[in-house]
Amino acid sequence: MDFKNAKELLSLCMENDLSISQVMRNREIIQTGKSQREVYSRMAKALSIMKTSAHSAITEDLKSMGGLIGGEAKKLQAYQSQGKNICGNLLSKAIMYAMGVLEVNATMGVIVAAPTAGSCGVVPGMLLAMQEEYGFSDSQLIDALFNAGAIGYLAMRNATVAGAVGGCQAEVGVASAMAASAATELMGGSPQMCLAAASTVLQNMLGLVCDPVGGLVEYPCQNRNASGVANALIASEIALAGIPQLIPFDEMLDTMYAVGKRIPMELRETAMGGCATTPSACAACGICK
Amino acid sequence: MAFISVFEVLGPNMVGPSSSHTAGASAIAYLAQKMLGEKVKSASFTLYGSFAKTYRGHGTDRALIGGIMGYETDDTRIRKSFEIADSLGISYQFIENHEDTEVYPNTVEIAMTGENGRQMTVRGESIGGGKVRIVGINGVEVDFSGEYSAVIVIQQDKPGVVAHITKCISDRKINIAFMRLFREAKGHTAYTIVESDGNLPQEIADEIKQNEFVRDVMIVQA
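Protein chains in written order, with this note's numbering: chain A, 1 to 289; chain B, 1 to 222.
Treat the hints as calculated values from the structure; they're not laboratory data. Keep in mind it's a predicted model, so treat the numbers as computed, not measured. For glycine and all other residues, C-beta sits at the position ideal for the given N, C-alpha and C. No incorrect hints appear here.
Listing some non-contacts, in silico: residues in chain A with all C-beta distances to chain B over 12 Å:
#: 1; residue: Q131
#: 2; residue: E132
#: 3; residue: N204
#: 4; residue: I247
Only pairs whose alpha carbons sit at most 30 Å apart, straight line, appear in this in silico BS3-like list of lysine-lysine:
#: 5; chain 1: A; residue 1: K63; chain 2: B; residue 2: K131
#: 6; chain 1: B; residue 1: K80; chain 2: A; residue 2: K63
#: 7; chain 1: B; residue 1: K167; chain 2: B; residue 2: K34
#: 8; chain 1: B; residue 1: K34; chain 2: A; residue 2: K45
#: 9; chain 1: B; residue 1: K41; chain 2: B; residue 2: K53
#: 10; chain 1: A; residue 1: K261; chain 2: B; residue 2: K131
#: 11; chain 1: A; residue 1: K261; chain 2: B; residue 2: K53
#: 12; chain 1: B; residue 1: K80; chain 2: A; residue 2: K45
#: 13; chain 1: B; residue 1: K34; chain 2: B; residue 2: K186
#: 14; chain 1: B; residue 1: K80; chain 2: B; residue 2: K53
#: 15; chain 1: A; residue 1: K74; chain 2: B; residue 2: K80
#: 16; chain 1: A; residue 1: K45; chain 2: B; residue 2: K131
#: 17; chain 1: B; residue 1: K167; chain 2: A; residue 2: K34
#: 18; chain 1: B; residue 1: K173; chain 2: A; residue 2: K34
Put together the whole structure using the sequences plus the hints.
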């Protein structure tokens with residue numbers, strides 16, 4: 001059981017009456033020869049690392065390696081606890097966890113690259129907020145991670161997830177597409193809806209450049225992870241309402257990759273343009289001096 | 001196309017902040033110390049490209065030190081690897097090379113000396129998402145990933161050595177996934193790298209060493 005693109009993935013789901021997460025898990029078991037238990041427990045470990053990283057930013061004082069971020073998750077929690085948060089609880093929590101995971105990452109804490117370290121807050125932010133707000137079990141979250149994995153795999157196989165190659169749309173964009181698809185399946189959406197949600201995210205984040213201040217995975221990466229969960233929620237809501245997408249996910253991946261390759265080198269993780277070269281960023285960074 | 005596991009998408013589990021600059025760096029150093037086959041006593045790291053520019057902010061240096069002490073990518077001791085290395089009496093230095101611009105952007109060359117005096121230089125590239133490639137051993141260009149268990153043979157470039165190596169492996173009913181041969185020059189030192197689907201028993205190294213032209217054998221388990 002294997003698939004090269006979203007079209008084949010969808011056929012496998014239809015022919016065998018399986019969800020995307022089930023197809024992805026079966027693929028891993030069949031292709032690697034590992035047992036169901038081994039594959040499941042490895043994903044359970046990933047979920048447990050995600051949880052620890054999301055929560056430690058709220059309970060601990062962390063100082064980032066580059067000194068550009070730190071303390072954001074705590075501030076978000078304090079703001080939410082006043083009960084006047086503008087976003088509503090699901091998105092507020094998702095933002096808090098997504099930004100918190102980036103803080104942990106920037107302090108050399110342990111994270112799960114999802115699909116990269118620079119975009120590691122989006123998938124856990126989304127799933128952990130959904131668990132708290134809607135009561136999903138750990139085992140449902142683990143299934144959702146396999147669903148997210150299918151979307152990320154297609155991006156790695158047929159496009160790129162490297163900011164240096166395709167810009168931030170390839171990192172946070174893909175992470176957000178993974179989160180949107182996973183959330184859609186969790187909420188009972190069909191495989192078609194999952195792929196429609198993933199397609200919507202790539203449309204909405206198309207062209208986003210990678211311009212980290214000082215070349216470090218801190219700023220604006222942390223803000224972009226928060227925007228990634230918001231984009232995932234938007235796309236999932238649109239898909240779950242039964243709105244189909246004109247452009248299939250496979251075509252959005254192709255165009256994301258094509259656009260990524262046309263992004264100038266200065267805006268692909270080199271810190272030579274965009275946010276990285278604003279006067280304030282240069283004053284804060286000091287690497288060139 | 002090589003199989004992409006779901007755990008390459010949701011993974012590696014790693015100490016931040018960068019899959020290429022932190023996880024990849026520690027993975028290269030981890031492979032290097034496995035190849036040396038004894039505890040590293042001193043190491044010199046030459047950093048190229050983006051590694052040379054941003055290694056402090058990405059903890060590349062701590063990750064490299066952690067790697068040569070045998071820490072895996074998600075080992076939190078990487079954060080304190082300088083202090084631990086100092087307490088163990090391991091000496092290290094970092095050399096920034098900004099002149100060679102033709103190399104892959106995230107490249108490190110590690111010159112190691114082991115506790116029993118064994119010396120080796122390993123060159124590695126961090127190619128994104130935590131994936132790495134070993135591209136040089138003692139100045140000879142090679143290519144392997146560490147994703148598969150590998151046996152690395154240093155031999156004299158003579159007829160029959162490769163046949164001997166493959167016989168030793170097939171006698172143990174191990175399937176070869178990839179095999180490559182590299183050499184300095186005709187008749188001089190050559191390197192054979194065999195990557196296998198299963199684990200490689202240590203005895204294979206002893207059996208391969210029976211051939212008079214084989215100088216050294218390293219086994220690196222995946």
